[in-house]
Structure formats: structure tokens, C-alpha cells
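Novice: Sequence:
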Amino acid sequence: MIYWDTMESRVGTLTIVCDEEAITGLEFLIQEPIGGVRKRTPLMEQAVLQIEEYMDGKRRSFDLPLKPEGTEFQKKVWNALLDIPYGETRSYKDIAVSIDNPKACRAVGMANNRNPIAIIIPCHRVIGANGSLVGYGGGLPIKIELLNLETGK
Numbered sequence: 001m002i003y004w005d006t007m008e009s010r011v012g013t014l015t016i017v018c019d020e021e022a023i024t025g026l027e028f029l030i031q032e033p034i035g036g037v038r039k040r041t042p043l044m045e046q047a048v049l050q051i052e053e054y055m056d057g058k059r060r061s062f063d064l065p066l067k068p069e070g071t072e073f074q075k076k077v078w079n080a081l082l083d084i085p086y087g088e089t090r091s092y093k094d095i096a097v098s099i100d101n102p103k104a105c106r107a108v109g110m111a112n113n114r115n116p117i118a119i120i121i122p123c124h125r126v127i128g129a130n131g132s133l134v135g136y137g138g139g140l141p142i143k144i145e146l147l148n149l150e151t152g153k
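Residue numbers (the numbering used here): 1 to 153.
Note that these hints are calculated values from the structure, not bench results.
In this text, all values refer to a predicted model and were calculated from it rather than measured experimentally.
C-beta: ideal position from N, C-alpha, C; glycine also.
Mixed in with the good hints there might be a few duds.
Only pairs whose alpha carbons sit at most 25 Å apart, straight line, appear in this in silico DSS-like list of lysine-lysine [stated by the list, open to error]:
#, residue 1, residue 2
1, 103, 93
2, 39, 67
3, 75, 103
4, 93, 76
5, 58, 153
6, 58, 76
7, 93, 75
Simulated restraints, written as ranges between beta carbons of each label pair [stated by the list, open to error]:
#, residue 1, residue 2, range
8, 87, 38, 33 to 41 Å
9, 130, 35, 41 to 49 Å
10, 33, 12, 12 to 20 Å
Input sequences plus hints: build the corresponding full structure.
Specialist: Shown next as C-alpha cells:
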């Protein structure tokens, strides 16, 4: 069974999706999953609490079971994103190198773009090689807000 609900945050409304075992989605808009039931589960309550703590600057990492759906390559990229420390950034090339595929910068960008669990899998911490803030699924203002939150700006 798939469950979903929304929460308000400092970056707007977030939709949280989970199954019986893990968080499967976190998006920046209200989007009902096909076949999903709107119900706030105990796991979702944990996610809401941890996201609120993160947004208040009281949490630097998440302790939630995650189950993002994607290709093996995408999952490698998303796992690499989980290794980026709070308050730090990495380039697409850095991520490509970390997954032993240094020429896959563009593919890393596409996987980053398809990240189904925003914020918790911190794709906002990925920037261009020249330090530029490049695209973000929630929009660049939200990316800037999240990076500023983490760096205390």
C-alpha cells in the first residue's frame, strides 16, 4: 500500500510518500500518487518531525528508511548524494568520480534531476563545476534557501 500526505515547511508545501517500510518520495508540490491513500502513518510522522527539525536548523542528517525507485545507476548517484556532508557541496563531476564513472557528469545530472526524495537525499548540495547553482527540481530559490539554511547564512 502507498500512503501520502502533505506538510507545510519554510520552503512551501511538501508531499511525503511512503509504503509500509520506507519513505519513497518527497516532492515540492501536492501530487497524489496513483493508487495512493492519503493517510499520515507513523513513519510519515517521523519524517515530518525530522524535516521540521532540519528546517529549524536542529538536525543535520536524517534517520529514516528510504526506498527510492530508479535504475541501478540512479540509485548509485542517490547513495553518493547521501555522503555529501551537511553544509557542503559537490559538483556533478565529484559525484561521477565517487561512483567510479568520471565521464558520467551529464548522467549524474539527469539522475540528480530524477531524485524522488528531495531534501532527505540532498540533491540541493550538487552544484556546477565552476561553483554555479544549476537547476533544481524545487526551483533555484528553494535550492538557495536550503544551502543558506545549512551554511547559516
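Novice: For every hint, state whether the structure bears it out.
Specialist: Quick rundown of the hints versus the structure:
no.	hint	verdict
1	103 <-> 93	holds (8 Å)
2	39 <-> 67	holds (18 Å)
3	75 <-> 103	holds (17 Å)
4	93 <-> 76	holds (14 Å)
5	58 <-> 153	holds (15 Å)
6	58 <-> 76	violated (28 Å)
7	93 <-> 75	holds (17 Å)
8	87 <-> 38: 33 to 41 Å	holds (34 Å)
9	130 <-> 35: 41 to 49 Å	holds (43 Å)
10	33 <-> 12: 12 to 20 Å	holds (19 Å)
The structure fails to meet hint 6 from the earlier list, while all remaining hints are met.
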